[in-house]
Amino acid sequence: MRKYGKFAALIVVVIAALVWLASTGVSETKTYYKTIAEVGQMGDRAFSERLRVAGDVEGASIQHVRGQVLFTLTQDKRQLKVAYTGTDPLPDTFRDGAQALADGHMGRDGVFLASKIQAKCASKYEAKPGQLRGAPAPPVNKST
Amino acid sequence: MENVASLAVLLAFCAAIYALLASVVGRIQRKPFLIVSGERAVYSVWALLTIGAGILVYALVTGDFRFSYVVQHSNRSMPLLYKFAAWWGGQEGSLLFWSWLLSAYSSVVVFTNRRKHRDMMPYVIGVLMFVQTFFLLLNNFVVSPFKMLSQEGAIIAFQDGQGLNPLLQYPAMAIHPPMLYLGYVGFTVPFAFAIASLITRQPGEAWIHTTRRWTLVTWLFQSTGVMLGMAWAYHVLGWGGYWGWDPVENASLLPWLSGTAFLHSVMMQEKKGMMKVWNIILISTTFLLCIFGTSLTRTGLVSSVHAFAQSPLGKYCFSFLAICMAGIAYLILDRLQYLKSEAELESVISRESSFLFNNLILLASCFAVLWGTLFPVISEAVSGEKISLDAPWFNKLMIPIGLFLLILTGVGPLFAWRRTSAESLRRNFQWPGIASVVLVGALLAAGVRGFYALISFGFCLFVALTVLMEFYKGGRAIAAKNNMNLLRATLELTHRNTRRYGGYLVHMGIVLIFIGFTGAAFNKSDVKEMAVGDTLKLGRYDLKVVDLKEGENDVYSWNRASVDVLRGGDVIGTLAPEKRFYKASRQGTSEVGVRPRLNEDLYLNFGGMSDDGARAVIQAYVFPLVSWIWIGGLVLIGGTLVCLVPSKIKMQYARTEVVGITSKYAAVRK
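Heads up: the sequence lines are chains L and P, in that order. Everything in the first sequence is counted per our numbering, starting at 1 for the first residue and increasing by one. Everything in the second sequence is counted per our numbering, starting at 1 for the first residue and increasing by one.
Errors might be hidden in some of the hints.
Restraint ranges, calculated between C-beta atoms of paired labels, are given here [said to hold, decoys possible]: (1) L:T35 with P:K315: 20 to 30 Å; (2) L:I11 with P:V437: 55 to 65 Å; (3) P:V61 with L:L10: 50 to 60 Å.
In silico SDA-like cross-links for lysine to any residue, where the CA-CA straight-line distance does not exceed 20 Å [unchecked claim]: (4) L:K116 with P:S610; (5) L:K34 with P:E385; (6) P:K396 with L:R95; (7) L:K6 with P:F357; (8) P:K272 with P:E385; (9) P:K648 with P:G638; (10) P:K386 with L:K6; (11) P:K473 with P:R499; (12) P:K648 with P:R500; (13) P:K524 with L:T87; (14) L:K34 with P:D390; (15) L:K30 with P:V377; (16) L:K34 with L:Q79; (17) P:K481 with P:L491; (18) P:K315 with P:E380; (19) P:K473 with P:E492; (20) P:K396 with L:L21; (21) L:K81 with L:L21; (22) P:K583 with P:Y170; (23) P:K473 with P:I434; (24) P:K272 with P:T210; (25) L:K30 with P:P392; (26) P:K524 with P:S627; (27) P:K583 with L:R95; (28) L:K30 with P:G244; (29) P:K386 with L:T87.
No lab work stands behind these hints, which were simulated from the structure alone. Beta carbons: idealized from backbone N, C-alpha and C, even for Gly.
Using the sequences plus the hints, can you model the full thing?
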């Protein structure tokens, strides 16, 4: 039985080490997905946790001010002002009306400081149902 | 034509159900005619699906823009290759591709086993056709690729389509999905044999011997697919990496990890009759992960930049997974007695033990990746808050796991079965051990820092040396005996036991891949808005923009920068990173400029034009050692191919096995 004890001990050590790594890793890198409404309800936690907020970029709200990009995200009629402070150039898909995902934390002045912006073009990989109607080529010939 | 296609796929669905029922009923009632007709039905499923898929491909290639699928994934200006690749470029088509591949595999299985495994085959067919029926159900009733565009009840046609997603218009990407699918689908075959062997309570390891080549080939496809995906991410996505722990990437890695564990643990069963339950669980897990991977990208369960659009597939896939899991669990529990192990573990420093830890670690990493991928879903269910884990979390966990696996690659194959003597440990590991310590010391002295990087380089050298010593020792012995030169003797050695030495080559490939991974610890990068004449210094390079151009053609408009690369004042090359904007799909892509060298890659991405339109945003990266990942991938593929070549001394090998079996039987008779 002693040799099985050795195996068991080794296995426990390996698994314990991994669980420890995983759980400490979670508290370091976790990012909360929040809607704009939920960010408002988070209270003080909104300032300390890393957040990821999704929404549509409001039409004509993108401004370039002193190396920062300012814009407004809207979701369900709620708005959130975002300041992008990261160094990477913004993705090509980021423009008025696009779906965007801002990654960062809430500033004390109510402006969300984003260090990363992901923008999703609606047709990425596949058109959503209903999107086809706006496609560049209009239907022409009818056949039965 | 679309009616013919739909009808063919519908008939395939019926034929698959028929094949399933005929085989199983024929087997239970012992009616050979029914079994044979079940086998014929398998061929007909393939034939019918070929007709259906052929019509879809024909529509894509000729541009029949009455099909909704063709409009979304093809257009007139695309090259032929990508028109063909559009078959698997979208949701509906790729699922049809899945079905078609499975039917083709099933036909091959039925044909090659037409005179073998008569008692097991009906159930093999049963399992294969069960899976086939599920996919055909999706093809027919959930995501049919043959939907026509209609307006007010009449079929209409578009003039042109949106074209394949431009990110996919890249040669490696055109063959990446088929490779992955060949892997995904291929694991169904060993799974079917495992289940059939369980149902019929087969004595011995027939299912493992029969499917060894299948599993290897499948694993080869899967590895190639994962590597191609990395190469594609590196060259096309332009974010300067090859692996971002995106859910879709993880989905392709999961079955690879469990499949790798399976490839190793079957050796325990073949040689020692151990780990029988474990092997069934592993191959089932691999199969389930393949289905899971296929559905993860399509159901919108986890959001991903690569994901297909959301669709109602989720509930079908997860019901199917649940049914399979329940069935497998029942079978294993019911037949636990027959899966009893024939030997016991003896020593911690033994081959058995190294396999055990290899499996433990691979499965742990598999579980970790799965956990991280599903963490948003899990955390939402538990705490109501959706929390995502990013690349840093995966790296924190996977780097130590990877290093542990790396060292196992080196020591595992050299441990003896049962137990290893101290003398053999010293003989095998003394010099590689000393050499690695010296290397780490030298790197430290040269100013290289980074705990994991140093360990990784040390381990890489250690494993590489142990592998080379194996070849050298064996080769020298043969050279001395047969009076050959060392190179020929090494080839001869490999040919005599392809499984063993092919395996070493695969391990060597893994070492090279790890060298490439380790280089990432020393990456450098910079971003700058540059006009013509501006310079940027990165590492040993001076970059100078000599030209900025823009233009357009039928398919896309482009911006391109020409950048001279200087070192020590001399121009050593020119790179031309480019940004494209595809008109039909209104989407941008990057054509990065890469100067690949064995020691480091210089990698330039055209980030975009600055706000005033006068300067280009250039992202510059230096990636040390990254080429070794691709080289290692090729070595890994080569090694796997060597494993597939039959060994020259097969007869002798078989004889020792026969002796083993008789002595086992003798023991039973006593």
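If any of the earlier hints don't hold here, list their numbers in rising order.
2, 6, 8, 10, 21, 29
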